[in-house]
Amino acid sequence: QVRLVESGGGSVQPGGSLRLSCAASESIFSVNVMGWYRQAPGKLREMVAVITNGGSTNYADSVKGRFTISRSIAKNTVYLQMNSLKFDDTAVYYCNALYTDLNSYWGQGTQVTVSS
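One point on numbering: in this note's numbering, the residue at position 56 of the sequence shown is 56, and numbering is uninterrupted.
Honestly, the hints are just simulated from the structure, not real lab data. For glycine and all other residues, C-beta sits at the position ideal for the given N, C-alpha and C.
Heads up, simulated BS3-like pairs for lysine-lysine below, C-alpha to C-alpha not over 25 angstroms straight-line:
hint : residue 1 : residue 2
1    : K43       : K64
2    : K64       : K86
3    : K43       : K86
Quick list of the computed label-pair ranges, beta carbon to beta carbon:
hint : residue 1 : residue 2 : range
4    : A60       : G15       : 15 to 21 angstroms
5    : T100      : S72       : 15 to 21 angstroms
6    : Q81       : E46       : 16 to 22 angstroms
Using the sequences and the hints given, assemble the complete structure.
Written out as structure tokens, the structure reads:
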């Protein structure tokens with residue numbers, strides 16, 4: 001069982017920045033896709049950003065130009081740099097890893113709150 005542990009969430013003012021980290025308990029070398037998702041109160045969970053095994057990235061339109069996903073295979077960690085945060089970015093952010101054996105794993109989530 002792969003464990004994903006997110007960190008880096010917190011409270012920030014609009015326009016501020018946060019960097020989320022997701023550390024996997026096993027190598028992410030054989031991960032097909034690793035990504036960040038978020039769920040705001042009363043809303044469905046949505047994709048924020050994903051990165052493939054080949055390093056390709058994809059972002060939700062709402063975060064393009066503000067968020068950047070990256071990874072360190074050596075550290076088994078994926079990151080989400082979030083800049084120019086807005087009120088609408090408030091949500092619980094979850095990390096997901098889809099391995100080549102098609103097993104999918106989720107982290108426990110980390111809260112991001114954007115408020116003045």
